[in-house]
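Participant: Sequence:
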Amino acid sequence: MQTPQPFLMFSGANYARVQEAVDLYLQAFPEASIQSISYDHTASESKGKKVVSMVVLKIKELEIRMIDSAYDHQFNFTPSQSFFITCDSLEEFERLHYHLSEDGKELMAPGSYGFSARFTWFNDKFGVSWQINLP
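Be aware that the sequence shown starts at 32, since it is given in this note's numbering, and climbs by one per residue.
Just so you know, these hints were derived from the structure itself, not from any lab.
We treat Cβ as the ideally placed atom computed from N, Cα and C, and that holds for glycine.
Be careful, since some hints might not be right.
[Stated by the list, open to error] Quick list of simulated restraints, FRET-style, between CB atoms:
1. K136 to S67: 26 to 32 angstroms
2. F146 to T73: 28 to 34 angstroms
3. P166 to H72: 42 to 48 angstroms
Given these sequences and hints, build the entire structure.
Facilitator: Encoded structure:
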């Protein structure tokens, strides 16, 4: 059996946003890399540019599979499922918060909540939820 992977689906109004999300995550995580990428040839022809259909992005040891779906599903991302990142430095904490929270929705503003020196929880502009922690 292969290692389970998080699977993020962007759909409906967010169609053709996977490339934008990948670009953001590569900027936030300089060590990240694209493991594989495939394109939607039909959408690419109609839009006159390559439209990504699936990407596998590797951040540290975690591979995240992301797709675009042209269908408007009745569900989307929820904060009850999030990526939890423990940072090694305040600079790393601030860099991740700066890049990932831009145009997103703050759920818990950066601060000291007793269980951590610094913590924040937010949805990025795509609705993906992130918890960033500095112990």
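Participant: It remains to establish, for every hint, whether it holds in the given structure.
Facilitator: Results of checking the hints against the structure:
no., hint, result
1, K136 to S67: 26 to 32 angstroms, "30 angstroms, holds"
2, F146 to T73: 28 to 34 angstroms, "49 angstroms, violated"
3, P166 to H72: 42 to 48 angstroms, "46 angstroms, holds"
Hint 2 alone, counting from the list given before, is not met by this structure.
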